[in-house]
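As you go down the protein sequences, you meet chains A and B in turn. If you count the first sequence from 1, you need to add 1354 to reach my numbering. If you count the second sequence from 1, you need to add 1371 to reach my numbering.
Derived by calculation from the structure, the hints in this document are not laboratory data. We put the CB at the ideal spot given by N, CA and C, even for glycine. Accuracy of the hints is not assured; some may be wrong.
What the hints assert, rightly or not - Facing chain A, according to a computed beta carbon distance under 7 Å, are these residues of chain B, among others:
1) S1390
2) G1391
3) V1392
4) S1395
5) L1408
6) Q1473
7) E1480
8) C1487
9) T1498
10) V1507
11) H1514
12) I1519
13) T1523
14) A1534
15) I1536
As the list claims (entries may be wrong) - Here are the computed lysine-lysine pairs in the DSS-like style, where the Cα-Cα straight-line distance is at most 27 Å:
16) B:K1467 <-> B:K1553
17) B:K1553 <-> B:K1474
18) A:K1509 <-> B:K1553
19) A:K1394 <-> B:K1553
20) B:K1474 <-> A:K1509
21) B:K1550 <-> A:K1394
Stated by the list, open to error - To list a few chain B residues with every Cβ distance to chain A over 10 Å, as calculated:
22) A1412
23) F1431
24) G1465
25) A1495
26) T1522
27) D1538
28) K1550
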Amino acid sequence: MQTVIGNLSTWLLPLLVAFVLVTGYFRNVPIYQSFVNGAKGGFGTSVRLIPHLVAMMVAVSVFRASGAMDFLVTALYPVLHWLHMPAQVAPLGLLRPISSVGALALMTDIFHQYGPDSWLGQLASTMQAASDTTLYIITVYFGSVGIHRIRYALKVGLLSDLASIIGSLIAVVLLFGPMPHS
Amino acid sequence: MWTGRMAEVTHALLQGAQSGVELSIGLISVIAFWMGLMNVAEQARLVQALARLLRPVGRFLFPSVPADHPAMGAILANMSANLLGLGNAATPLGLKAMQELQKLNSNRETASDAMCTLLAVNTASITLIPTTVIAVRMQYQSHDPTAIVGTTILATAIGTAVAIILDRIFRALSHRREKRCKQ
Chain A
1355 MQTVIGNLST
1365 WLLPLLVAFV
1375 LVTGYFRNVP
1385 IYQSFVNGAK
1395 GGFGTSVRLI
1405 PHLVAMMVAV
1415 SVFRASGAMD
1425 FLVTALYPVL
1435 HWLHMPAQVA
1445 PLGLLRPISS
1455 VGALALMTDI
1465 FHQYGPDSWL
1475 GQLASTMQAA
1485 SDTTLYIITV
1495 YFGSVGIHRI
1505 RYALKVGLLS
1515 DLASIIGSLI
1525 AVVLLFGPMP
1535 HS
Chain B
1372 MWTGRMAEVT
1382 HALLQGAQSG
1392 VELSIGLISV
1402 IAFWMGLMNV
1412 AEQARLVQAL
1422 ARLLRPVGRF
1432 LFPSVPADHP
1442 AMGAILANMS
1452 ANLLGLGNAA
1462 TPLGLKAMQE
1472 LQKLNSNRET
1482 ASDAMCTLLA
1492 VNTASITLIP
1502 TTVIAVRMQY
1512 QSHDPTAIVG
1522 TTILATAIGT
1532 AVAIILDRIF
1542 RALSHRREKR
1552 CKQ
C-alpha cells in the first residue's frame, strides 16, 4: 500500500502532462499556442488572490500569536483525542468547509512552524487538498436555480468533509507512518 | 491584554500581510503552468472523452435522470472537469446541470434527489492533482512537493465513497418520511 501511494505521487504528474500533450498532438491542437493562451490567465488569477490571502494570513497570524488558537485547541482536545486527530490541524479542519483561502493560510502557518515535509505538514497538505468549500458550493449551486429547501444536502456535505479529513489522516498514516512523538 | 502577547500580535499583523503577498506571487508559476496544460486538455476534448467513460457511473448515481436528457450530459461533464482538476470549467458546467435538473424537478423551491446527489459528488470530488497545495509546498522549500498526491487521491476516494453512501441513506430516509406523511 505504502509503495503504491508513493509511486502514484511520483508518477502521476509527469504521466498526466505527457498524456495531455500526446492526446493534444493527435487531435491536432496547436499545443504551444494553446498552452500559452491558457497560461496567460495564471498571472491574473494569482494576483487576484492577493487581497484575500493578505486578509486571511493576517487573521490567522493574529489568531495564533494572540493565544486564541491554543485556547480553541485546548477546548477541543477531548474530541480530537477520541478521533486520534492531532490538535495542531484542528483549526484547519474546522475552517476548510467555510473558507478555502482561510484554510490555505492555516496550512502555510503549519508549514511555517513545522515545515512542509514534516508529518504535520503532510497531513495539513492532504486535508487542504482533499476537501472542498462545501458551504460555498451549496450556496452557489442552489442559489443559481432558486432552491430554498435544500433537504439533507448540507448534512451530507459536512459529514463527507469529516470523512475526507479522517481519510486524510488514514492516508498519511499509511504512507508516512503514525505521528512521531516530538 | 489577557495573555500579555500584544507585541507578538503587532508583529503577526505585519508579518501576516507580507506572507500573504509573497504567497500569492509564488503561486504564479504553478498556476500558470497548470492553466496552460489544462487549456491544451480542454481543446483536446479530454473532458468529453472522460464524460463518455463515466456514463455508467452517471446512470448508477442519478437513476431519476433519463440517460439521454441534457442534464445527464452536463452532470457528466461537471464530474469530468472536477476529476481533471479543472475548477474554472467545473463550476459553470455544474450550474448548467442544476438548471437542467430544475426542468425535471416537480417542486421549484425544493431540491430534487438528483440535485442533492450532484451536490454530494461536487463537495467531495476525487482530486487527482492538488495544484495550489503543490505550489505552496514548493514555496516553502519542500523536498518532495508532490508527495501528497497519493494521500490526496486516497483521502478523496474515502470522502467520495462516504458522500455517495450518505446520500443514498438520507434519500431513502426522506422518502420513507414522505410516505408516512401521506398515509
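Hints versus structure:
1. S1390: Nearest chain A Cβ about 5 Å off; hint holds.
2. G1391: 4 Å, holds
3. V1392: Check passed: Cβ of V1392 of chain B comes within 6 Å of chain A, closer than 7 Å.
4. S1395: 4 Å, holds
5. L1408: 6 Å, holds
6. Q1473: With Cβ-Cβ at 4 Å, under 7 Å, it holds.
7. E1480: With a minimum Cβ separation of about 5 Å from chain A (threshold 7 Å), the hint on E1480 of chain B holds.
8. C1487: Since the shortest Cβ distance to chain A is 5 Å, the answer is holds.
9. T1498: 6 Å, holds
10. V1507: 6 Å, holds
11. H1514: At 6 Å from the nearest chain A Cβ, H1514 of chain B passes the 7 Å test, so the hint holds.
12. I1519: 4 Å, holds
13. T1523: Holds. Min distance 4 Å.
14. A1534: A1534 of chain B check passes; min Cβ-Cβ to chain A is 4 Å, inside 7 Å.
15. I1536: This interface hint is violated because 9 Å lies over the 7 Å limit.
16. B:K1467 <-> B:K1553: 33 Å, violated
17. B:K1553 <-> B:K1474: The hint holds at about 25 Å.
18. A:K1509 <-> B:K1553: 25 Å, holds
19. A:K1394 <-> B:K1553: Distance ~57 Å between K1394 of chain A and K1553 of chain B Cα, so the pair is violated.
20. B:K1474 <-> A:K1509: At roughly 25 Å apart (the allowed maximum being 27 Å), K1509 of chain A and K1474 of chain B satisfy the hint.
21. B:K1550 <-> A:K1394: 55 Å, violated
22. A1412: Its Cβ does come within 10 Å of chain A, the nearest being 5 Å, so this is violated.
23. F1431: 17 Å, holds
24. G1465: Its Cβ does come within 10 Å of chain A, the nearest being 6 Å, so this is violated.
25. A1495: 4 Å, violated
26. T1522: 4 Å, violated
27. D1538: 5 Å, violated
28. K1550: At about 15 Å from chain A, K1550 of chain B clears the 10 Å cut-off, so the statement holds.
Hint violations for this structure: numbers 15, 16, 19, 21, 22, 24, 25, 26, 27, all remaining hints satisfied.
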